[in-house]
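**Student:** Each residue of the sequence shown is one higher than the one before, counting from 5 in my numbering.
Be aware that one or more of the hints could be misleading.
Stated by the list, open to error - Below, a list of computed lysine-lysine pairs in the PhoX-like style, where the Cα atoms sit at most 25 Å apart:
(1) 478 / 500
(2) 321 / 124
(3) 124 / 324
Stated by the list, open to error - Beta-carbon label-pair distances, calculated as ranges:
(4) 325 / 199: 21 to 31 Å
(5) 573 / 280: 36 to 46 Å
(6) 226 / 15: 41 to 51 Å
(7) 281 / 198: 48 to 58 Å
(8) 202 / 321: 42 to 52 Å
Calculated from the structure, these hints are not laboratory results.
Backbone N, C-alpha and C define an ideal beta-carbon position, used for all residues, glycine too.
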Amino acid sequence: MRGSLEKISTQVLQFIPLVLAFLTPLFFLPITVDAFNFNKLYLVSFLASLSMIAWCLRSLVRGKLTVNLSPSLLPLLFLALAFVISSVWLSPTKHASLFGQTTLTVSLFIIFVSVTSLQKSVAVINSVIFGLVTSAATLSLITILHRFDLLTRIFSSDLLTNKSFNLTGGILPALAFTLPVLVSSVAYLIIHRNRLTKSLLFAASIIMIVASLINLTLIFPQNGQSTLFLLPFRAGWSIAIDTLKSWQTALLGTGPDTFLTTFTRLRPSYLNTDNLTWIIRFPESSNYIFTLITTTGIIGTLSFLSAFIRPVCISIKHCKANTDNPAYVFLSLALISVLISFFAIPAGTVTLILGIVLLIALTAEFDLLELKNIQNTDLKLSRKTDPSKFTLMLPSVILTFASTFLLSVYWYYALPTYSASMSARQAEALITTNPVGAYLKEINAAKLDPYNVNYALSLSQFFKSLSLVLLNKKDATADDKKNATDYMQKTIDYGKQAALLDPYNVIVWENLADIYQSFIGFAEGAHNFAISHLAQAIALDQSNPHLRLKLGILFFNLGDSDQAIKLLNQAIELKQNWAIPYYNISAIYKLNKDYSRALQYIQASQQYTSPASTDFAKVQDEIKSIEKLLTTPTTPTPTPTPSKK
5 MRGSLEKIST QVLQFIPLVL AFLTPLFFLP ITVDAFNFNK LYLVSFLASL SMIAWCLRSL
65 VRGKLTVNLS PSLLPLLFLA LAFVISSVWL SPTKHASLFG QTTLTVSLFI IFVSVTSLQK
125 SVAVINSVIF GLVTSAATLS LITILHRFDL LTRIFSSDLL TNKSFNLTGG ILPALAFTLP
185 VLVSSVAYLI IHRNRLTKSL LFAASIIMIV ASLINLTLIF PQNGQSTLFL LPFRAGWSIA
245 IDTLKSWQTA LLGTGPDTFL TTFTRLRPSY LNTDNLTWII RFPESSNYIF TLITTTGIIG
305 TLSFLSAFIR PVCISIKHCK ANTDNPAYVF LSLALISVLI SFFAIPAGTV TLILGIVLLI
365 ALTAEFDLLE LKNIQNTDLK LSRKTDPSKF TLMLPSVILT FASTFLLSVY WYYALPTYSA
425 SMSARQAEAL ITTNPVGAYL KEINAAKLDP YNVNYALSLS QFFKSLSLVL LNKKDATADD
485 KKNATDYMQK TIDYGKQAAL LDPYNVIVWE NLADIYQSFI GFAEGAHNFA ISHLAQAIAL
545 DQSNPHLRLK LGILFFNLGD SDQAIKLLNQ AIELKQNWAI PYYNISAIYK LNKDYSRALQ
605 YIQASQQYTS PASTDFAKVQ DEIKSIEKLL TTPTTPTPTP TPSKK
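Sequences are here, hints too, so could you generate the full structure?
**Tutor:** See below:
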C-alpha cells in the first residue's frame, strides 16, 4: 500500500508539467465572461492543488519532506510572498488581487517546488519539451485553419468571427509563446540525431513559422490603422518610477492587478498628444518588468528577475560542455527568449506559465548533470526508523495540515467566483432575448461574487435603464412612479457598492456621475452629486481631458457658463489638438452673443477636425453662421448644443 501511494504520487508530479506545458496555452471555455485567461488561471490552480496533494502524500509515505534547493527556489518563494503581502497590505482591492495574479504566482511556485522535489527526473524534462512543442504546433495549426476560415466549417461560435481569435487569449501572447518554442525546436532538431524526431520537429517548425507570420500580419497596421496598442515605454517607465517615491510602494508596489488604477493616477499628460492611444486606459504597463515594479515594487521585481537570471547564467556557463545535449540547448534557448520577452512586451498568463515550466525542466536538467548549484535536502525530525514501518515525520505533517487548510480556504472562495462568471456569461447571452432572465443571472452572479466590481456596475446600469424608461413614460401610473423610485434607489445603491469595492477606480466614479446626471430633474440634489462624483473622477485621472469636457458640459447644462468655459479650457490645455472642446466653447460664446470669440474657437475646432470626418461639414456650416452673425448681429440663428462626444 505504501509503495503504491508513493508510486501514484510520483507519477502525478511527473505528469503535471506535461499537462501544464501542453494544455494551458490551448485551454479555454466559452462558459465564462473571460473564456481564456480566467479559465487558464483556474486550470493552473487545480494543477497546483493536485501537485500539493501529491507532494504531501509522497512526503508522508516516504517519511521525509524533500526540497530541491535550486537557484530559483528562494527567489520564487520571495516573489510569492511579495505578491501575498502586497495584496493584503497595499492593494485597495484585496480580494481581486489575492484571487488574480497572486493566485497564479503562488500556484506556479507550488508546482515548481513540488515537481522539482523529484530527484533526477528525466521524465519531467522530456514531458516538458514534448508538451511545449506539441502545444505550439497545435496552436499554430489552429491559427492557420482559422486564417483560412476552416474552423467555422467545423465549429460554430461567436468567438470565431473575430479574425484575431487565438486560444492563448490574443495575438501577442501567441507570439510570445510560439517564438521561443520555435527557436528552441530548430536548435533541437539540428542537434538531435534521430531521423524520426528530426522530421517531426521540422514539420512542427514549419507550422509554427507559418502561424507566426500570420500573427505578425495581424498586429501590423491594417488599412493604415493600428491594431495593437501598447503603452509607450517612456510612459511605463515614468509610472514605475513614480511608484518608488513612497517607501511602501517602492518595496511592494501598489498591489497585484492594480496597474489600471495606478495608470490613471500617474498617467503622463504627454500621452494626450497621440490621437490613437490618448483615450485608452491601459491595464498593463509597457512590459512585464514595468508592471512588476509598479504593482509589486522592488522586492517583487528583483525576486522575479533573480528566479530567471540565475538559471540563465548557469546554463550559459555550462553551455560549452553541453552543446551536444538537445534538451539542454532547447531549455536554455527557450528560457533566454522568454526572459527577453519580459522586457519587451506585457507578458500574459501563458508566457508566465511557459517561464515556470522551463525553470522546472532546466532545474531537473541541472540535477541530472549533478551541478553544484543543485542540492536535494530532506527535512525530518526523528532518528532513522525501520523502513518497513509507516512513520509520520513532523515537517510532512505540518505541510499536510497547512496545505489542507489553505486549499480549503482558497476553493471555498474560488468556486463561487467561477460560478458567478458562468452566471454573468449566461446573462450576456440572454440580454437581447430574455432581459428578465439576464437580470436574474446577473443578480445571481453578484450574490456569488460580491467582491467583483463589474457585477455592481452592470446592475447599476441595468436599473438605470429601467428607471429612465418609467420616468419618461407618458401617463405613468402610480405603480410606475413607485417602481421608478425603487429602481432609482437600486441604481444608486449598486453604483455606490461599486465605488466601495474599488474606490481608486475612476470608472466607478464616472458611473456614479452618469447615474446622478441621468436623474437630474427627478431626484433632489442629483446635480450636486453628479458634479462631486465627476470631480472625484478627475482627481483620480487628472490628465484626462475627456473628464473635464464632461464636467464642463454638465455645468453648461446647469446654466453656469463661466465654470463650463473654465473646465473646457482646461481640457484644451491637456489636449490642444482636440476639436470638441473648441466647438463647445464656441457654442457657449455664441449663446452669450460674443460672436468674435465664438468665431475664434470654431475656427480652432476646424483646424483640428479631419476633412474626412463627418463633423467637418458641420463645423464649416457653423463658421458661416457665426460670420453672418458678425456682419448682421440682429439676424436670429439657431444655437448649437455643446457636443457630448
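**Student:** Flag every earlier hint the structure violates by its number, smallest first.
**Tutor:** As far as the earlier hints go, 1, 5 and 8 are violated by this structure, in ascending order.
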